[in-house]
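Use the sequences and the hints to build the structure in full.
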Amino acid sequence: MSSPSSASSATSVSPEPSARPGSAGGPAAPAARRRTAWAEGLDQLRAAATTEPGRLRAIGAVLALLVVVFGATAVWQVTDRSRAADDVVLRSQPLTADAASVYRSLADADTTAAGGFLAGGTESAATRERYEADLAMASRLLVRAAANAQVPGAEGGAADRAGTQIARLNALLPRYTGLVETARTNNRQGLPLGGAYLRYANGQMRTELLPAAQALYDAERQRLTADHERATAWPWFALAAGALAIGALGWAQRRHYRRTHRVFNRGLLAATVASVAVLLWLVAAHTVARAGLSDAYAHGARSLQVLNTARIDALRARADENLTLVARGAVLTADQKDFYEVDFQAKMGHLAGPGDRGSADVSGELGTALALAGDEAGRRPVREALAAVGQWRARHADARSADDKGDYDRALAKVIGGDGSTGASFDRVDTGLGRALVHEQARFRSAADGGRAAFGLLAVGAAVLAVLAAAAAVLGIGRRLSEYR
Amino acid sequence: MGTRGRGLRNLRAVLAPVAAGMAVMAATATVLVPALGHGVRPEAPRPVATHRAYGPGTAPASPAAARCTPASAAESLRPSPADGPAVERIKKKGQLVVGVDQNTYRWGYRDRDTGRLEGFDIDLARAIAKDILGPDAKVVFQAVPTNQRIPAVRQRTVDMVVRTMTINCARKEQVAFSTAYFQAGQQVLAPKRSTITAFDDSLRGKRVCTAAGSTGETELARRSHGARVLTAPNQLDCLVRLQLGEADAVVTDSALAAAQAAQDPTVELKGAPFTDESYGVAMNKDDPDLVRRVNKVLDDYRSGGEDSPWMRAYRKWLQADLPGISGPPEPQYGD
Numbered sequence: 019m020s021s022p023s024s025a026s027s028a029t030s031v032s033p034e035p036s037a038r039p040g041s042a043g044g045p046a047a048p049a050a051r052r053r054t055a056w057a058e059g060l061d062q063l064r065a066a067a068t069t070e071p072g073r074l075r076a077i078g079a080v081l082a083l084l085v086v087v088f089g090a091t092a093v094w095q096v097t098d099r100s101r102a103a104d105d106v107v108l109r110s111q112p113l114t115a116d117a118a119s120v121y122r123s124l125a126d127a128d129t130t131a132a133g134g135f136l137a138g139g140t141e142s143a144a145t146r147e148r149y150e151a152d153l154a155m156a157s158r159l160l161v162r163a164a165a166n167a168q169v170p171g172a173e174g175g176a177a178d179r180a181g182t183q184i185a186r187l188n189a190l191l192p193r194y195t196g197l198v199e200t201a202r203t204n205n206r207q208g209l210p211l212g213g214a215y216l217r218y219a220n221g222q223m224r225t226e227l228l229p230a231a232q233a234l235y236d237a238e239r240q241r242l243t244a245d246h247e248r249a250t251a252w253p254w255f256a257l258a259a260g261a262l263a264i265g266a267l268g269w270a271q272r273r274h275y276r277r278t279h280r281v282f283n284r285g286l287l288a289a290t291v292a293s294v295a296v297l298l299w300l301v302a303a304h305t306v307a308r309a310g311l312s313d314a315y316a317h318g319a320r321s322l323q324v325l326n327t328a329r330i331d332a333l334r335a336r337a338d339e340n341l342t343l344v345a346r347g348a349v350l351t352a353d354q355k356d357f358y359e360v361d362f363q364a365k366m367g368h369l370a371g372p373g374d375r376g377s378a379d380v381s382g383e384l385g386t387a388l389a390l391a392g393d394e395a396g397r398r399p400v401r402e403a404l405a406a407v408g409q410w411r412a413r414h415a416d417a418r419s420a421d422d423k424g425d426y427d428r429a430l431a432k433v434i435g436g437d438g439s440t441g442a443s444f445d446r447v448d449t450g451l452g453r454a455l456v457h458e459q460a461r462f463r464s465a466a467d468g469g470r471a472a473f474g475l476l477a478v479g480a481a482v483l484a485v486l487a488a489a490a491a492v493l494g495i496g497r498r499l500s501e502y503r
Numbered sequence: 557m558g559t560r561g562r563g564l565r566n567l568r569a570v571l572a573p574v575a576a577g578m579a580v581m582a583a584t585a586t587v588l589v590p591a592l593g594h595g596v597r598p599e600a601p602r603p604v605a606t607h608r609a610y611g612p613g614t615a616p617a618s619p620a621a622a623r624c625t626p627a628s629a630a631e632s633l634r635p636s637p638a639d640g641p642a643v644e645r646i647k648k649k650g651q652l653v654v655g656v657d658q659n660t661y662r663w664g665y666r667d668r669d670t671g672r673l674e675g676f677d678i679d680l681a682r683a684i685a686k687d688i689l690g691p692d693a694k695v696v697f698q699a700v701p702t703n704q705r706i707p708a709v710r711q712r713t714v715d716m717v718v719r720t721m722t723i724n725c726a727r728k729e730q731v732a733f734s735t736a737y738f739q740a741g742q743q744v745l746a747p748k749r750s751t752i753t754a755f756d757d758s759l760r761g762k763r764v765c766t767a768a769g770s771t772g773e774t775e776l777a778r779r780s781h782g783a784r785v786l787t788a789p790n791q792l793d794c795l796v797r798l799q800l801g802e803a804d805a806v807v808t809d810s811a812l813a814a815a816q817a818a819q820d821p822t823v824e825l826k827g828a829p830f831t832d833e834s835y836g837v838a839m840n841k842d843d844p845d846l847v848r849r850v851n852k853v854l855d856d857y858r859s860g861g862e863d864s865p866w867m868r869a870y871r872k873w874l875q876a877d878l879p880g881i882s883g884p885p886e887p888q889y890g891d
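Protein chains in written order, with our numbering: chain A, 19 to 503; chain B, 557 to 891.
The set of hints was computed from the structure by calculation and includes no laboratory data.
Note that beta-carbon positions come from the ideal geometry of N, C-alpha and C, so glycine has one too.
There may be inaccurate statements among the hints.
[To be verified] Calculated lysine-lysine pairs in the DSS-like style (CA-CA distance at most 27 Å, straight line):
| id | chain 1 | residue 1 | chain 2 | residue 2 |
| --- | --- | --- | --- | --- |
| 1 | B | 852 | B | 648 |
| 2 | A | 355 | B | 647 |
| 3 | B | 686 | A | 423 |
| 4 | B | 686 | B | 852 |
| 5 | A | 365 | A | 423 |
| 6 | B | 841 | A | 355 |
| 7 | B | 841 | B | 686 |
| 8 | B | 649 | B | 872 |
| 9 | B | 686 | B | 872 |
| 10 | A | 423 | B | 647 |
| 11 | A | 355 | A | 365 |
| 12 | B | 872 | B | 648 |
| 13 | B | 748 | A | 423 |
| 14 | B | 648 | A | 423 |
| 15 | A | 423 | B | 841 |
| 16 | B | 694 | A | 423 |
[To be verified] Here are the simulated distance ranges between beta carbons:
| id | chain 1 | residue 1 | chain 2 | residue 2 | range |
| --- | --- | --- | --- | --- | --- |
| 17 | B | 756 | A | 367 | 36 to 42 Å |
| 18 | A | 229 | B | 712 | 39 to 45 Å |
| 19 | A | 452 | B | 648 | 51 to 57 Å |
Below you can see the structure in the form of structure tokens.
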């Protein structure tokens with residue numbers, strides 16, 4: 019292959035000076051001049067094209083090439099989509115769920131810390147363990163997320179979005195736990211300074227850690243969206259190549275019919291059938307996969323997201339409720355209302371809409387989650403959570419009025435007491451949402467797996483069928499050619 | 557030691573607003589006089605100069621003199637044990653609702669073990685309740701945030717506020733005050749080993765924390781001594797920032813600063829208070845009988861020398877961190 023090209027380059031340079039005067043007006047180059055291999059080949063082809071066998075050979079080659087190109091494109095694009103679908107199910111969706119869990123664990127740790135603080139010296143071992151477990155969970159999930167991200171300072175240069183947030187969270191977490199421990203120590207000594215530390219720690223959580231966790235979640239979700247789009251994109255190149263190959267096969271058979279009045283050429287027919295089969299398989303598999311993955315995505319991105327947001331809003335409302343009692347009016351909004359109480363009401367509003375309406379009109383995140391839940395099994399835990407939110411609101415109002423009347427002890431009992439406290443209501447909301455999340459996660463997985471399975475044998479099948487079709491096309495042309503020998 | 561210097565500074569602080577007030581009056585005169593048609597420019601500075609000769613505290617008993625000046629701000633109504641409508645109202649309710657603080661150590665805070673509110677302010681509130689309602693008085697303590705003190709009194713959410721509340725003229729327009737029950741002033745709090753010595757140029761380049769909207773913030777805005785000011789929602793948040801190394805010093809009033817020092821043995825009050833602030837019990841302006849009654853309770857509270865209830869409360873709550881106070885401030889009456 020290399021010798022003709024070097025020869026052509028050599029010949030194209032050396033005859034230049036002598037050729038110039040002749041080429042200006044002379045009809046043909048002198049016989050002494052050697053022609054390029056390419057030009058010779060072209061001439062031969064031109065000569066061959068004037069004869070039917072030559073044409074047939076060319077047609078056979080082109081058909082085989084088109085079918086092979088179709089097969090190759092199909093294999094390439096199907097493999098790409100199948101891999102993207104695997105990424106959705108095995109990588110980006112779990113990482114998105116992990117990021118949501120990181121956020122939840124952090125918010126839960128903050129809520130639990132405030133609850134334990136209110137209990138003071140009587141903080142239960144369970145509260146303490148829950149706080150520790152939340153932090154351990156967040157750390158573990160961050161390590162897992164880091165394995166799939168570009169962390170700053172790692173080999174390979176710049177950090178990606180997820181990596182930046184992971185590094186930030188890892189730097190902030192020990193600082194936060196330090197503040198909580200200081201708050202705890204001061205509180206145990208009976209110093210109001212403990213409350214100031216806890217509010218400071220909560221401020222850090224609110225303004226630094228949770229936004230970083232949110233950014234991590236967004237980065238992971240973006241990756242999920244990108245993977246989903248890759249998995250469900252139509253394989254336009256393969257479809258175009260398929261249409262071209264089938265069109266060319268059809269044209270060849272029509273030409274064959276016109277020249278020979280024979281209706282069928284078995285080889286070409288087989289090639290056409292195989293190509294059409296690959297094309298139909300491709301379209302059908304993609305339709306099924308898209309349906310499955312889009313269903314899964316709707317659940318992964320919408321239902322799970324709404325449920326996660328609802329759960330986090332419930333957690334933060336709970337933290338606000340606790341902090342209202344910790345701060346005891348030390349922090350106010352611009353219009354002189356208690357900062358934490360205002361935030362509590364806002365979070366509850368996000369969660370279940372304005373509370374002044376009847377239970378028939380469900381709005382807020384729980385309303386959306388109810389609408390998105392695909393089946394009764396998914397709706398039941400959300401309804402339970404919704405009922406618990408109503409109870410929580412009523413009990414919260416009781417606790418607030420007790421506190422406003424100066425009965426701090428009764429307010430405290432209403433908030434962190436056992437059954438009958440807002441804490442019990444919150445736990446019911448959290449449990450209900452947790453169950454709904456497990457259910458929706460399972461639905462996501464089964465829908466996504468269904469979609470993913472559609473790509474199953476497609477790549478291998480397309481390759482085999484394309485090779486068979488190319489062989490059949492060549493054989494079909496060869497049969498015609500043999501008639502000229 | 558620094559009492560004379562402080563007195564001088566007080567005098568200056570007192571005179572500045574007087575002069576400002578005179579200037580306003582003069583300005584009003586310049587507007588009014590041409591309107592009367594005389595067209596003669598009055599010599600504005602003169603009355604100010606002559607008025608100044610009277611000095612603070614010697615204001616004549618004319619209606620104009622009833623106007624509040626920083627010097628007369630601490631004046632209250634004469635004490636009386638009589639039951640007026642407000643006292644009757646409280647007796648009928650059977651409980652005294654008092655707005656207090658829950659976060660100021662040694663003044664008003666929750667005891668860790670009992671969960672009960674304790675402190676200097678709380679003791680005083682209990683004494684007032686006992687006087688009005690008898691030995692088994694029911695007191696309802698309501699946590700009132702700093703910025704809610706005046707609305708709570710005006711809307712009668714509470715009968716009174718006993719919450720390290722400084723008496724000043726702006727507040728006296730909205731609520732009535734008892735006589736002063738404690739003398740405080742803005743002061744600097746810094747680590748013991750800090751180079752900061754007082755509210756002076758040793759603050760240059762230092763980060764000084766103060767509560768947003770507090771007197772400290774106003775003072776620092778007036779003369780920062782080269783300090784970089786950062787604000788926190790609450791004065792106690794400033795101690796957190798000091799401990800975390802985000803601030804080098806805290807400016808707040810001496811009572812609160814002492815409460816902070818009581819919670820952190822590595823910090824101390826630096827220099828003398830550089831403003832004068834008297835704490836009073838705030839009540840509704842329409843309850844003069846209650847004001848007189850509270851002043852009577854305060855009189856009893858102060859009397860008894862070393863063994864007065866006031867001194868006992870001082871020794872119990874404050875002496876450790878605010879040493880050197882020999883007795884309660886003298887009551888001043890304006891009627």
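Taking the earlier hints as the rules, which of them does this structure contradict?
2, 8, 12, 13 and 17
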